[in-house]
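Just so we're aligned, residue 230 is where the sequence shown starts under my numbering, counting upward by one.
Don't read these hints as lab results, they were simulated from the structure. Mixed in with the good hints there might be a few duds.
[As the list claims (entries may be wrong)] Label-pair ranges, simulated between beta-carbon atoms:
(1) S251 to G399: 49 to 55 Å
(2) D423 to T366: 33 to 39 Å
(3) M257 to Q393: 53 to 59 Å
For glycine and all other residues, C-beta sits at the position ideal for the given N, C-alpha and C.
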Amino acid sequence: MRRNRQSGMTLIEVLIAVTLVSLLSVGMLFAIRAGLSAMDASQRRFSANRRAMSAQRILEQQVAGFLPVRARCGASPVSEGGGLEPFFQGAPGVTRFVTRYSLDGASRGVPQVVELFVTPGEEGRGVRLVVNEIPYTGPSGAGFLCLPPGPDPATGANVVRFPQPQAGPGSFVLADKLAYCRFLYLQSIEPEPDRWVPVWVRRDYWPRAIRIEMAPLEADPVRVPPMTFTGLIRPNRMVEEPYAF
Numbered sequence: 230m231r232r233n234r235q236s237g238m239t240l241i242e243v244l245i246a247v248t249l250v251s252l253l254s255v256g257m258l259f260a261i262r263a264g265l266s267a268m269d270a271s272q273r274r275f276s277a278n279r280r281a282m283s284a285q286r287i288l289e290q291q292v293a294g295f296l297p298v299r300a301r302c303g304a305s306p307v308s309e310g311g312g313l314e315p316f317f318q319g320a321p322g323v324t325r326f327v328t329r330y331s332l333d334g335a336s337r338g339v340p341q342v343v344e345l346f347v348t349p350g351e352e353g354r355g356v357r358l359v360v361n362e363i364p365y366t367g368p369s370g371a372g373f374l375c376l377p378p379g380p381d382p383a384t385g386a387n388v389v390r391f392p393q394p395q396a397g398p399g400s401f402v403l404a405d406k407l408a409y410c411r412f413l414y415l416q417s418i419e420p421e422p423d424r425w426v427p428v429w430v431r432r433d434y435w436p437r438a439i440r441i442e443m444a445p446l447e448a449d450p451v452r453v454p455p456m457t458f459t460g461l462i463r464p465n466r467m468v469e470e471p472y473a474f
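Using the sequences provided together with the hints, build the complete structure.
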């Protein structure tokens, strides 16, 4: 009689097959994880570069929309107080002015009081550039944000004084992890030669331009570094000249 022979796999062959499949699965898993990590790193770099470019555009629009307004500094709920003073603060670590550009409405928004200032970075590492926006409601409304003229502590000149801006929930970080960030102001008054000054003390002229010098805390060749910004103030006129907007 012919004996029926049944084909099959031995236990060793099954173990070898299972081991090979496991190794292939582990290799594919590591490949997928490496790909996802690379994609995530690329996305973070792209987001950081886009943020740096967006910060430059925001600064350009804010300075380009500069409004040469005057405020009734020292106003109070019971008394308007004080005369009209140029609403502009120019210090090494903070600049404050009115612009027609806003983060929410862009050039179509209502005028805003912009506070650009430098604060310490996270865990005390470096500094960051922060911006606050406050709706501009007119000379009396802006007067609540400034104080009557007084002597500047650094120069002794009689200037319009402002309280120190504070970062809050509505603040927007324009640049972070900076080695330094400082403001300069272009004084262009004939017949004097043009020069950049760290403190703006003139009450009869507006600055011709604003420069923000900054550098990254750590160099990264694959990211767009924070760049020094220079914005021209186009309504370059005397403070007393009327300006409609």
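Evaluated hints:
no.: 1; hint: S251 to G399: 49 to 55 Å; in the structure: holds (54 Å)
no.: 2; hint: D423 to T366: 33 to 39 Å; in the structure: holds (34 Å)
no.: 3; hint: M257 to Q393: 53 to 59 Å; in the structure: holds (57 Å)
In terms of the numbered hints stated before, the structure departs from none.
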